[in-house]
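Protein chains in written order, with our numbering: chain A, 163 to 724; chain B, 163 to 724.
Watch out, some of these pointers could steer you wrong.
Where chains are identical, the list cannot tell them apart; a pair therefore holds if satisfied intra-copy or between any two copies.
[As the list claims (entries may be wrong)] Taking lysine to any residue and the SDA-like style, the derived pairs with C-alpha atoms no more than 20 Å apart in a straight line are:
1. Lys192 to Glu213
2. Lys608 to Glu525
3. Lys426 to Arg678
4. Lys426 to Ala679
Keep in mind the hints are simulated off the structure, nothing from the lab.
Protein chains: 2
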Amino acid sequence: MGTRVSATRDSSAPADSGFLTLGPIEGSTKHYLSVDDLRVPQRRIHLTNGEHLDVYDTSGPYTDPSAHIDVEKGLAPTRDSWHRPDPIDGASTQLAWARAGIVTDEMRFIAAREGVDAELVRSEVAIGRAVIPANHRHPESEPMIIGKRFAVKVNANIGNSAVRSSISDEVEKMVWATRWGADTIMDLSTGADIHTTREWIMRNSPVPVGTVPIYQALEKVDGDPASLTWELYRDTVIEQAEQGVDYMTVHAGVLLRYVPLTAKRITGIVSRGGSIMAAWCLAHHRESFLYKHFDELCEIFRRYDITFSLGDGLRPGSIADANDEAQFAELRTLGELTTIAKSHGVQVMIEGPGHVPMHKIAENVRVEEELCEEAPFYTLGPLATDIAPAYDHITSAIGAAMIAQAGTAMLCYVTPKEHLGLPDRDDVKIGVITYKIAAHSADLAKGHPRAQERDDALSKARFEFRWTDQFNLALDPDTARAYHDETLPAEPAKTAHFCSMCGPKFCSMRISADVRAYAEEHGLVTIEDIDRTIAEGMAAKSAEFAEAGNRVYLPLETVGGA
Amino acid sequence: MGTRVSATRDSSAPADSGFLTLGPIEGSTKHYLSVDDLRVPQRRIHLTNGEHLDVYDTSGPYTDPSAHIDVEKGLAPTRDSWHRPDPIDGASTQLAWARAGIVTDEMRFIAAREGVDAELVRSEVAIGRAVIPANHRHPESEPMIIGKRFAVKVNANIGNSAVRSSISDEVEKMVWATRWGADTIMDLSTGADIHTTREWIMRNSPVPVGTVPIYQALEKVDGDPASLTWELYRDTVIEQAEQGVDYMTVHAGVLLRYVPLTAKRITGIVSRGGSIMAAWCLAHHRESFLYKHFDELCEIFRRYDITFSLGDGLRPGSIADANDEAQFAELRTLGELTTIAKSHGVQVMIEGPGHVPMHKIAENVRVEEELCEEAPFYTLGPLATDIAPAYDHITSAIGAAMIAQAGTAMLCYVTPKEHLGLPDRDDVKIGVITYKIAAHSADLAKGHPRAQERDDALSKARFEFRWTDQFNLALDPDTARAYHDETLPAEPAKTAHFCSMCGPKFCSMRISADVRAYAEEHGLVTIEDIDRTIAEGMAAKSAEFAEAGNRVYLPLETVGGA
Numbered sequence: 163m164g165t166r167v168s169a170t171r172d173s174s175a176p177a178d179s180g181f182l183t184l185g186p187i188e189g190s191t192k193h194y195l196s197v198d199d200l201r202v203p204q205r206r207i208h209l210t211n212g213e214h215l216d217v218y219d220t221s222g223p224y225t226d227p228s229a230h231i232d233v234e235k236g237l238a239p240t241r242d243s244w245h246r247p248d249p250i251d252g253a254s255t256q257l258a259w260a261r262a263g264i265v266t267d268e269m270r271f272i273a274a275r276e277g278v279d280a281e282l283v284r285s286e287v288a289i290g291r292a293v294i295p296a297n298h299r300h301p302e303s304e305p306m307i308i309g310k311r312f313a314v315k316v317n318a319n320i321g322n323s324a325v326r327s328s329i330s331d332e333v334e335k336m337v338w339a340t341r342w343g344a345d346t347i348m349d350l351s352t353g354a355d356i357h358t359t360r361e362w363i364m365r366n367s368p369v370p371v372g373t374v375p376i377y378q379a380l381e382k383v384d385g386d387p388a389s390l391t392w393e394l395y396r397d398t399v400i401e402q403a404e405q406g407v408d409y410m411t412v413h414a415g416v417l418l419r420y421v422p423l424t425a426k427r428i429t430g431i432v433s434r435g436g437s438i439m440a441a442w443c444l445a446h447h448r449e450s451f452l453y454k455h456f457d458e459l460c461e462i463f464r465r466y467d468i469t470f471s472l473g474d475g476l477r478p479g480s481i482a483d484a485n486d487e488a489q490f491a492e493l494r495t496l497g498e499l500t501t502i503a504k505s506h507g508v509q510v511m512i513e514g515p516g517h518v519p520m521h522k523i524a525e526n527v528r529v530e531e532e533l534c535e536e537a538p539f540y541t542l543g544p545l546a547t548d549i550a551p552a553y554d555h556i557t558s559a560i561g562a563a564m565i566a567q568a569g570t571a572m573l574c575y576v577t578p579k580e581h582l583g584l585p586d587r588d589d590v591k592i593g594v595i596t597y598k599i600a601a602h603s604a605d606l607a608k609g610h611p612r613a614q615e616r617d618d619a620l621s622k623a624r625f626e627f628r629w630t631d632q633f634n635l636a637l638d639p640d641t642a643r644a645y646h647d648e649t650l651p652a653e654p655a656k657t658a659h660f661c662s663m664c665g666p667k668f669c670s671m672r673i674s675a676d677v678r679a680y681a682e683e684h685g686l687v688t689i690e691d692i693d694r695t696i697a698e699g700m701a702a703k704s705a706e707f708a709e710a711g712n713r714v715y716l717p718l719e720t721v722g723g724a
Numbered sequence: 163m164g165t166r167v168s169a170t171r172d173s174s175a176p177a178d179s180g181f182l183t184l185g186p187i188e189g190s191t192k193h194y195l196s197v198d199d200l201r202v203p204q205r206r207i208h209l210t211n212g213e214h215l216d217v218y219d220t221s222g223p224y225t226d227p228s229a230h231i232d233v234e235k236g237l238a239p240t241r242d243s244w245h246r247p248d249p250i251d252g253a254s255t256q257l258a259w260a261r262a263g264i265v266t267d268e269m270r271f272i273a274a275r276e277g278v279d280a281e282l283v284r285s286e287v288a289i290g291r292a293v294i295p296a297n298h299r300h301p302e303s304e305p306m307i308i309g310k311r312f313a314v315k316v317n318a319n320i321g322n323s324a325v326r327s328s329i330s331d332e333v334e335k336m337v338w339a340t341r342w343g344a345d346t347i348m349d350l351s352t353g354a355d356i357h358t359t360r361e362w363i364m365r366n367s368p369v370p371v372g373t374v375p376i377y378q379a380l381e382k383v384d385g386d387p388a389s390l391t392w393e394l395y396r397d398t399v400i401e402q403a404e405q406g407v408d409y410m411t412v413h414a415g416v417l418l419r420y421v422p423l424t425a426k427r428i429t430g431i432v433s434r435g436g437s438i439m440a441a442w443c444l445a446h447h448r449e450s451f452l453y454k455h456f457d458e459l460c461e462i463f464r465r466y467d468i469t470f471s472l473g474d475g476l477r478p479g480s481i482a483d484a485n486d487e488a489q490f491a492e493l494r495t496l497g498e499l500t501t502i503a504k505s506h507g508v509q510v511m512i513e514g515p516g517h518v519p520m521h522k523i524a525e526n527v528r529v530e531e532e533l534c535e536e537a538p539f540y541t542l543g544p545l546a547t548d549i550a551p552a553y554d555h556i557t558s559a560i561g562a563a564m565i566a567q568a569g570t571a572m573l574c575y576v577t578p579k580e581h582l583g584l585p586d587r588d589d590v591k592i593g594v595i596t597y598k599i600a601a602h603s604a605d606l607a608k609g610h611p612r613a614q615e616r617d618d619a620l621s622k623a624r625f626e627f628r629w630t631d632q633f634n635l636a637l638d639p640d641t642a643r644a645y646h647d648e649t650l651p652a653e654p655a656k657t658a659h660f661c662s663m664c665g666p667k668f669c670s671m672r673i674s675a676d677v678r679a680y681a682e683e684h685g686l687v688t689i690e691d692i693d694r695t696i697a698e699g700m701a702a703k704s705a706e707f708a709e710a711g712n713r714v715y716l717p718l719e720t721v722g723g724a
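Next comes chain A alone, as it looks inside the complex:
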């Protein structure tokens, strides 16, 4: 579970005691790939058969016992020592450099992490099909890439809200979320201390951080959207840019003319930013200041290399509202804005729904790619049904896996508390693990290089009864081990050639091993081989097998009545 600074609470304890989770995940150690002068972190899972498997590692120095962690000081600003190329036509962005044929240190770092060629990273960024959210002012981050040609990524939302949680809690939530695999986090804090909370998170976050600046802007006008102005919003963006925010959600596609299209919906406008901008547009009966001043916004983003996450303010909030005119009208506008942003050398990704029935999921990706020059799609869920509050991490994982298979590059997680309450640290972990499942399932379906290595390693361990390896190769070793130990606590059970489902007497894994030995011994590989042996008659052979003690064991699979 890792150890905790100034606390020894168990992992199910609420994150309210200022502790920090440190130390490696069970069965793993931090391993660094040396790429010239770059140190690229990986998680090395050690197996009992002497082998090991290296996997992508999002957890930063917090899982490295040799790293010195000081939350007050923050992480080391590693990227400050990296080479930064000269601006291209005034643009110091990964997009501008990629277009100029320059492979940056960030690209080399990412290529090593993903196990791909650096040129693939550069070319995908150059055509805008992938983004590298990396604000120059966030040197503590370990660069990562969001694009359909790379591993599907997962974002976790944190952020204090109303009365709950404290600053140190938010830092621990970030550490906790990245420990389990969050590739980026979004700080959605509202209320007091927004600036300070964000500063703590920025300085301690090894992953890119995203925000929604309109939330803080609204705080500055006491929650009255009509009082929002471009100047106030711009200053807020600059304030956050200076702190190092890597990507920002901007709802510049919510146009006055689209607002009435939501009137007939079952759930109207469910996006915070979308509703704020809709209210502003109606109050002034003028076009969105985000839309009108988009070019100025691009100039600011370009200075820091902040990535746009163009928000879907009119996304559907229910199955009934999916893929409607309001949603796609806004998406068309996001397409126009994508072209503008890229003309400024600014990186762009597009946010997507929300709530979508399975048969309408693929269309979302098709339309987004068509209208937005294949800019990376970043969706939340979507939920495949509305009828399971308290299980929306699952309803949305179904949609998330499918939309990622269709080409979505990053998935925003959903926790069991969605629609009901505020996620605690257990909810955050469940949300992240659930979304790693969706993302990995999509990587498998897309044939992502090396994705299946981990499935094969775990299944091999399962087949060979290497229980400890099966646990340690799992996305959540602690829970897998705990579930196993509920039935078979004793340590010997970790090596036993049977499992709790069937007891020692039956196990199909053993008979499978017998089958393998038998087949190899007699050179039986194809149906033809065995048809031949049948023709020859093999009483002797069957006798051999009988002597071998044709044991039968019931399998690890208890499902399916099979």
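With the hints as your guide, set chain B onto chain A.
Here is chain B on its own, set in the frame of chain A:
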């Protein structure tokens, strides 16, 4: 949560105290449709706005306070009083009657449950695209149908194993599983008291019960598969048939010639029945007695109207083994057996995998329908990845939703304990709810009549802040309410026009209501309408809106940074 006979334990208590969960689900009452002389149970969800929604009800009399429950006596043998048509050519099966153009009481009951025409039920059964598992000796059951044209069904496995659990626990597990929506249950008991356990379950089960006779047969020969004989197996089948088992898994497709095809797999044979038959075939080097005596088996099944669930003994146990030669070779044989069974007037469904990556899921349905005359497909999961033990209810829900959308008629649930341990009652509930999500998501995607009614009702309640209705319309009202109350316990919060995520100040639902009023007041429906008003200039109108107090609230959606 319902009350419990001779116990007041809370729902998280292990099912080890002989209690039974009785009483309606929160916010619902039992409602009976009268169809001529038949009483068809439905669950009526009562809403605070005076409306109600009737939903499919699998829970039997246990959720009806007016019903007298006596586990010793069992449920009332209702179907004994129904009209049973004469045999057709010696066959007293739903299939034979359907072919003869006869609409049975079971078909009328099902038509009312599904909200479809009885003729659709008859015709789908007649062509073998749907089955009605209803052994004449199980008169306590409420008939249901398994077929792609009807609501996707969910099976829950129960059954004691090795050292754990008691008979009364198994009955409560059945009551508990059907309470949350299990359409059928399978008794996979092994070890002692198999016969008695099954008798208790049969006499108290309102849903069809399935078994895998080979398990009990193997017990009779002390677990030595080589000692199995056709006669011993046949007698076991008759023993179970007499008790009223509605469908039986038979691994008659595991042929000697296919066994070596599993030798090169990562996880060999993971099916219990499959491994047992493989061992028998190798031990005797003879063809499977299930295959050789299949006609005799059909004669027995026909007498009771037992439905075949042809088992996939060579199903893949890992992503690496999916859709391989062994799996499809067996499926081809299941196709032959399907034709034979139907020629005897016996109903058939086909079991499917298992572990399958998303891009190989649809092919499983296509091949099954092609080889097996579109016999209903009954799959477990499949798991879309192997790397998340302890979360396999989720990895498999992804595959289950997709394979159901592709045409699978029934899904066998997977619990969080899959591959690790024995499910307790909490695991059973989580498994059932998770699979109801997958099944319902598929119903939506397939455009199943009335499926979206529940989504719309819940989303409407959410939009109108009818919290209690939102809870009660959920698949799991208790957990939804509990999560909400963690943050906002007070009863007034149930009617508050805001939620815990954003606090009282912000909520997009309110602005959406304002937008709706505004748009309707000014006849704004299309983009053209508002373009016109923009052209006309609407300072006045915007002023009106400003007076209306352009409130902005943050939404119930906290995800996506939007």
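Hints and how they fare:
{"no.": "1", "hint": "Lys192 to Glu213", "in the structure": "within (16 Å within a copy, 58 Å between copies)"}
{"no.": "2", "hint": "Lys608 to Glu525", "in the structure": "both (18 Å within a copy, 16 Å between copies)"}
{"no.": "3", "hint": "Lys426 to Arg678", "in the structure": "between (63 Å within a copy, 7 Å between copies)"}
{"no.": "4", "hint": "Lys426 to Ala679", "in the structure": "between (67 Å within a copy, 10 Å between copies)"}
Going down the numbered hints, you'll see the structure goes against none, and every one checks out.
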